[in-house]
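Trainee: So the protein sequences, as listed, match chains A and B. In terms of the working numbering, the first sequence opens at residue 4 and continues consecutively. In terms of the working numbering, the second sequence opens at residue 359 and continues consecutively.
In short, the hints are calculated from the structure, not lab data. Owing to the predicted nature of the structure, the values given are computational and were not obtained by experimental measurement.
Simulated restraints, written as ranges between beta carbons of each label pair:
1. A/LYS43 - B/ARG419: 25 to 31 Å
2. B/SER384 - A/GLN98: 23 to 29 Å
3. A/LYS21 - B/GLU397: 30 to 36 Å
4. B/PRO440 - A/ARG116: 21 to 27 Å
5. B/ASP375 - A/GLY17: 44 to 50 Å
6. B/LYS429 - A/LEU30: 30 to 36 Å
7. B/VAL378 - A/LYS21: 44 to 50 Å
8. A/PRO86 - B/ASP375: 39 to 45 Å
9. B/LYS429 - A/GLU70: 34 to 40 Å
10. A/HIS80 - B/ALA428: 40 to 46 Å
11. B/LYS400 - A/ARG66: 25 to 31 Å
12. B/GLN418 - A/THR10: 32 to 38 Å
13. A/GLU70 - B/ARG419: 38 to 44 Å
Idealized CB from N, CA, C, for every residue including glycine.
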Amino acid sequence: ETGVTQTPRHLVMGMTNKKSLKCEQHLGHNAMYWYKQSAKKPLELMFVYNFKEQTENNSVPSRFSPECPNSSHLFLHLHTLQPEDSALYLCASSQERQEYSYNSPLHFGNGTRLTVT
Amino acid sequence: GENVEQHPSTLSVQEGDSAVIKCTYSDSASNYFPWYKQELGKGPQLIIDIRSNVGEKKDQRIAVTLNKTAKHFSLHITETQPEDSAVYFCAASGNQFYFGTGTSLTVIP
Numbered sequence: 004e005t006g007v008t009q010t011p012r013h014l015v016m017g018m019t020n021k022k023s024l025k026c027e028q029h030l031g032h033n034a035m036y037w038y039k040q041s042a043k044k045p046l047e048l049m050f051v052y053n054f055k056e057q058t059e060n061n062s063v064p065s066r067f068s069p070e071c072p073n074s075s076h077l078f079l080h081l082h083t084l085q086p087e088d089s090a091l092y093l094c095a096s097s098q099e100r101q102e103y104s105y106n107s108p109l110h111f112g113n114g115t116r117l118t119v120t
Numbered sequence: 359g360e361n362v363e364q365h366p367s368t369l370s371v372q373e374g375d376s377a378v379i380k381c382t383y384s385d386s387a388s389n390y391f392p393w394y395k396q397e398l399g400k401g402p403q404l405i406i407d408i409r410s411n412v413g414e415k416k417d418q419r420i421a422v423t424l425n426k427t428a429k430h431f432s433l434h435i436t437e438t439q440p441e442d443s444a445v446y447f448c449a450a451s452g453n454q455f456y457f458g459t460g461t462s463l464t465v466i467p
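Looking at chain A on its own, in the form it has when it is part of the complex (with noise of 0.2 Å):
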């Protein structure tokens, strides 16, 4: 058991469908990470959020958006998503993110695995 909890494990979706992924931390933390995992590249930061706000956007097409109702969730709602976006979506969290500061680990979800046919 990791601590951070994400759902579903495995989701198919075709072009056209909205779909959310979920993610839940029990330790306590105050910053939660949403990341992409793509064969043969780093661990891409997508989003964060220190104490339920939004501090990074990196980038992300807006086909993805993200919503963090209280420190311990954390959902990334999918919507008109391309083949490319298939990879595996990793939600972290840590304690809080200090400015200039990314000194405490991130603790990972064990993904969901997205599949856009």
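Fit chain B to the given chain A structure using the hints.
Mentor: Chain B in isolation, oriented as in the chain A frame:
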């Protein structure tokens, strides 16, 4: 921004031998260097980390070394076991985490 390079991309060792994975970074402001292990079907799990005020850290069979002057850090696994087989990622952290591309380690029984 930061650029983290990781080598090798794949590594095979005999059980009981040592494995070494190396990373370099470009931003001298990076001050925290975690290593993650990712098993098939799971997310990355933190296995060891080191901060810039320390040159070496060890935890049982795993050790990490950091050379700030040369901007490189390495993961050392001794007495490898089949369960060490996984993908290992290094990361450098200043104002955000930058990850390497991963090393797929296979330990041959």
